[in-house]
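Engineer: Take the given structure of chain C and dock chain V to it, following the hints.
Same order as they appear, the protein sequences are chains C and V. Quick note: the first sequence uses the numbering used here, first residue 1, plus one each step. Quick note: the second sequence uses the numbering used here, first residue 1, plus one each step.
Treat the hints as calculated values from the structure; they're not laboratory data. Careful, some of the hints might be misleading.
[As the list claims (entries may be wrong)] In silico contact screen, one side only, chain C against chain V (beta carbon under 10 Å); selected entries:
hint, residue
1, K38
2, N74
3, G125
4, H128
All C-beta atoms in this analysis are idealised placements derived from N, C-alpha and C, irrespective of residue type, glycine included.
2 protein chains.
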Amino acid sequence: MNFCSNCGSRVDLKVPEGDFLPRYVCPSCSTIHYQNPKIVVGSVPEYQGRILICKRGIEPRRGYWTIPAGFMENDETMEAGAAREAVEEARIQVEIGSLLLLGNVVHARQVHVFFRSRMLTPEFGVTHESLEVRLIDASEIPWDDLAFPSTEYALRRFVEDRAAGVERYHVAEMHRRF
Amino acid sequence: MNFCSNCGSRVDLKVPEGDFLPRYVCPSCSTIHYQNPKIVVGSVPEYQGRILICKRGIEPRRGYWTIPAGFMENDETMEAGAAREAVEEARIQVEIGSLLLLGNVVHARQVHVFFRSRMLTPEFGVTHESLEVRLIDASEIPWDDLAFPSTEYALRRFVEDRAAGVERYHVAEMHRRF
Numbered sequence: 001m002n003f004c005s006n007c008g009s010r011v012d013l014k015v016p017e018g019d020f021l022p023r024y025v026c027p028s029c030s031t032i033h034y035q036n037p038k039i040v041v042g043s044v045p046e047y048q049g050r051i052l053i054c055k056r057g058i059e060p061r062r063g064y065w066t067i068p069a070g071f072m073e074n075d076e077t078m079e080a081g082a083a084r085e086a087v088e089e090a091r092i093q094v095e096i097g098s099l100l101l102l103g104n105v106v107h108a109r110q111v112h113v114f115f116r117s118r119m120l121t122p123e124f125g126v127t128h129e130s131l132e133v134r135l136i137d138a139s140e141i142p143w144d145d146l147a148f149p150s151t152e153y154a155l156r157r158f159v160e161d162r163a164a165g166v167e168r169y170h171v172a173e174m175h176r177r178f
Numbered sequence: 001m002n003f004c005s006n007c008g009s010r011v012d013l014k015v016p017e018g019d020f021l022p023r024y025v026c027p028s029c030s031t032i033h034y035q036n037p038k039i040v041v042g043s044v045p046e047y048q049g050r051i052l053i054c055k056r057g058i059e060p061r062r063g064y065w066t067i068p069a070g071f072m073e074n075d076e077t078m079e080a081g082a083a084r085e086a087v088e089e090a091r092i093q094v095e096i097g098s099l100l101l102l103g104n105v106v107h108a109r110q111v112h113v114f115f116r117s118r119m120l121t122p123e124f125g126v127t128h129e130s131l132e133v134r135l136i137d138a139s140e141i142p143w144d145d146l147a148f149p150s151t152e153y154a155l156r157r158f159v160e161d162r163a164a165g166v167e168r169y170h171v172a173e174m175h176r177r178f
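With the rest of the complex left out, here is chain C (with noise of 0.2 Å):
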């Protein structure tokens, strides 16, 4: 951050009165610009026992594997973000379920919110955000494919827990791989 958002003006980095950690300040109209970290929410979506996972068509990490999943926008709930990322990478439609993950990933500065969803019908396509898409067995699982550590983390407890028989939610840390 450079300038200020509200007003233009070149910004400052300081610690304001009362705050404990550095931010950028407005000398001309005296706004703080926090930054903070952004939620990812997701799911594992399934149907009839296969899990669904898509090709990833843009970067990071083109081509890896991973569930639907992206930044939660404003005015919408974490399950509705989830839904939509669902038909925005893999045309599904989606029934949210319990959560599967809350997932600290410091080094990205994000908050990953994954839950279990079920798929309403076996119909799925690409987008242009996704280069394939599968519905899979658990044993199909391409774990050394798979793009992010988060991605795995879900995957794994989502096919222990419904193994067990339970569906428990998880509270872990991410960290880097790449």
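Structural biologist: The following block gives chain V in isolation, referenced to the frame of chain C:
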């Protein structure tokens, strides 16, 4: 947002190619300025069966009771943020426990992530963010003078779950009340 925080030019509000929502876009340097929900992290601190609450010393809702919570910062986990807020608002040291509430606060463009927490010692105190701090029995919760819908929701579920001997998580939408 009026100006590009990268180059200082006046921004346009338009739907970028391939997107579906209007964004602030810089006509000079092409930066797209996304705006996303912020995360509020906090906890319901407990010490030997009593619950800690704080009377807010800052706006919004100054003078109303709340649990220690605030905006999650970059470069911390949700749990670290919730523990930091406990220090900042009540001078308490806590161990963060199970997830209590994952709250959609759509009108405020926030997600509230509240945990249960255990105070490591009975010491507490006021700070510049709190007018008063109390360690109370559940029967003393000032239900009519709580700061936010998520404060009430979290405390009600905390008390109910504790009475039932369980530590459930709750995903819910908080509606505007004030």
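Engineer: Determine for every hint whether it applies to the structure shown.
Structural biologist: Checked hints:
With its C-beta approaching chain V no nearer than about 5 Å, K38/C sits inside the 10 Å limit, and its interface hint holds. Interface hint status for N74/C: upheld, as the beta-carbon distance to the closest one in chain V is roughly 5 Å, under 10 Å. The beta carbon of G125/C is not positioned within 10 Å of any beta carbon in chain V (closest approach about 17 Å), and the interface hint is therefore violated. Contact between H128/C and chain V, as hinted, is supported at the beta carbon level, the nearest pair being about 6 Å apart and thus within 10 Å.
In summary, the structure is inconsistent with hint 3 from the numbered list given earlier, while agreeing with all the others.
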